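**Student:** Next come the chains, spelled out residue by residue.
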Amino acid sequence: MMSPTTLIRRIAPALACIGLLAIWQVASLVLKNDSFPTAIEAIKAIPDILSDRESLINILASLRRMAMGFGAAVLFSIPLGLLMGRSRAVAAFFNPLLMVIYPVPKAALMPIIMLWLGVGDVTKTLVIFLGVSLPVIYHSFEGAKGVEEKMLWSGAAMGLSPLQRLVRIVLPAALPEILTGCRTGLVLALITMITSEMIARQSGAGNILFNALDMGQYDTVFAMIIVVGAMGICLDAIFERIRARLVRWSEPQFDMPLSFS
Amino acid sequence: MILRLISANVILGLAPIALVIASWQGLVSFGFAPAALLPPPGHVFGRLLQQLVTWTFQLEIAATLIRLFAGFAIAVVLGVSIGIAAAASPAINAAVRPIVRVLAPLPKVALYPALLLLLGFGHGSKVTLVAADALFPILLSTYYGASTVEQKLIWSAMAAGTPRYEILFKVVLPAAMPSILTGCRIGLVISCIVVFLAEMITSTDGLGHALVTAARTFQAVDMFVPLITISLLGLILNALLGAVRSYLLRGFPEA
Amino acid sequence: MKVVPSRSSEWVRPVTPQKPASAIIEIDGVSQVFQTSAHKDHVALSDISLTIDEGAFVSILGPSGCGKSTLLYIVGGFVRPTSGVAKIKGAAIIAPGPDRGPVFQEFALFPWKTVLGNVMYGPRQQGVRAAEADAQSRSLIEMVGLKGYENFYPKELSGGMKQRVALARTLAYHPEVLLMDEPFGALDAHTRTRLQNDLLNIWERDRKTVLFVTHSVDEAVFLSDKVVMMSKSPGRIRHVIDIDLPRPRRRNELLLDPRYQKYVVDIERMFDESDGAGFPA
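Residue numbers (the UniProt record's numbering), protein chains in the order written: chain X, 1 to 261; chain R, 1 to 255; chain W, 1 to 281.
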């Protein structure tokens, strides 16, 4: 049986969406700007985009690149971060390099990588990979660094080799922190994807946005914003479910999404 | 002993950076990459120094910095005040929480076309985009810090005769400061990145625009220069914020 | 739910809320119920009545979880009781105020302020001029034995020193009642005895009313005029014992005093005998 307060808490995000759309609707009616369609007009344009074969292929291709970039980044970053967290030397080796790379806008590397590898999938996937890696490395590093020393001693006493300790003690112990990093990375993957497509202007969801803008199809622009926003919210919500399941044993950390952290 | 340890770490840390530059040079020197695609590092850094003293390039930097600071400042003011308010008042919390839940994972850059339509192609749209992106990490860490302030700090201040509304400024805000500054640090890097991207997507000036201009004419050297400049700006601003942080948090453990 | 004192002897008297002329704090039928989960209540305090005389050093002694800290927080005005009322000088306590100064086990010093800044906070909040507050605070810091540490931050001090600062910070705004919540609970045994001695020395100068929560029998007997023994689940007063030992008390004399030893042994025995809610080993 759900109590009224839990019910309200469950549907609160939906209410917030409706509220935001309502504010949009009112604002556009008040402003009466030609280039600012109402929320309802924008929502009406969504089916057109999703039923158009070419844009659907575009969007799905974007998502595929995003999944590949994200997956590769996670597979690469978690082991690196864990090693950095457990070995001072590895951390001292990589930290300065990562600090220098940190403020580089990854999507801005697009034109340079395009110069080398062309405008293909490899370039775009590589940029997403770069965007996702840093937060995942950072959080894995922090998670591994925070693992209780005595837990590892117990493991060593039980006869686990260093590699076994890393996989069977450090990895699960750092998992809550790692997943926080992955969640940030997922949102970043989407952002990098959209941004790189906006810069390359060749295909994908970001390209649809700016093509529509250039052609003055303003309701398509806003409809596409809703689509991309929904993707972000859904991906985050799905990931949060998986995360909550995987780390049920850990204390509930924080119930607002900590994007970017 | 400690000094030697630190210097060993510094050498270890500089090694990969030196390695990257060396292999970069190697790629060019041994002809694996044509200089048109990958200019040698000496050439790039020379060009950077040469550009840094020219008036036009300084104007680009200034344009970028103005947008960056304006957006970041708005994000700090909004983020800290909303975060504190959400931690202090259950009513505000109930309203803010679901909205943040929806807006935080939304890729803000997707809003950029809408901002262009509403605010035009000038500073306004870019500053707003920077603020929107930097806002959430600052808001969330402020909220986190403010809602985990030790109860007994607040009780101690109340017993000393502090009225409720003053508690917010005299206890909650300073106690949440470590967390707030962590959020600001993240927000600052995001600001650097976003302002550059926004200028790349559409702009008539700024460092991002300089990169795009160079890319259109396939001037590889000039593509590297703005990228390195924005990264240096990021590092410098980060270091400045670090200095502010260690001053403000001088009383806190592990600051 | 009534307070039923189990036995009485010459120094164990039943709890009868009486009202002497000099009562400063009166706790009248206070109960505290916490909701632990959806439909489960936890009775932390059950019908507590207690009167504390002005200038008395009263310890509340009991096992962990008996609600003794909660009782202190109610007197502090930090927690509102579920039922009943606590009064200071006849006025119901509804909020914290500078007439009741807390000292917590966790020190709760402001990490962003120096030792001096922490101690000056109360007087400044009371509207004392900066120069005057500065001078007062410095002499208080000297009194608690921290002269020379005025500009240190709390993180640079040991636990015992932090608790001295916390005591000075509270004394600085001249509360009429000191509320001490296991103040020496987080300290090592040696520091603990030193702080107990120093607290007694300071207290014996101006005899402020002190309400002192502890789970240490020795500490309670050594410091107090009166020991209130509580049992848990639900938290109730079992006995109120007057400690009739001479003051000023000197630790080295007292430990050898058979009367002191008898108080300690008797109180420990009473905890052992009481309804299974034994004293923590």
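Hint data in this document are derived by calculation from the structure and do not stem from the laboratory.
Please note that the accuracy of each hint is not assured.
As the list claims (entries may be wrong) - Only some residues are given here: those of chain R computed to face chain X with a beta carbon under 10 Å:
hint, residue
1, Ala8
2, Val28
3, Gly31
4, Ala33
5, Pro40
6, Ala114
7, Leu240
Because the structure is a prediction, the values reported are computed rather than measured.
Glycine residues also receive a C-beta, built at the ideal position from the N, C-alpha and C atoms.
**Student:** Next step is simple, just say for each hint if it's right about the structure.
**Tutor:** The hints, checked one at a time:
{"no.": "1", "hint": "Ala8", "in the structure": "holds (8 Å)"}
{"no.": "2", "hint": "Val28", "in the structure": "violated (13 Å)"}
{"no.": "3", "hint": "Gly31", "in the structure": "violated (15 Å)"}
{"no.": "4", "hint": "Ala33", "in the structure": "holds (8 Å)"}
{"no.": "5", "hint": "Pro40", "in the structure": "violated (15 Å)"}
{"no.": "6", "hint": "Ala114", "in the structure": "holds (6 Å)"}
{"no.": "7", "hint": "Leu240", "in the structure": "violated (13 Å)"}
Comparing the model with each earlier hint shows violations of hints 2, 3, 5, 7; every other hint is respected.
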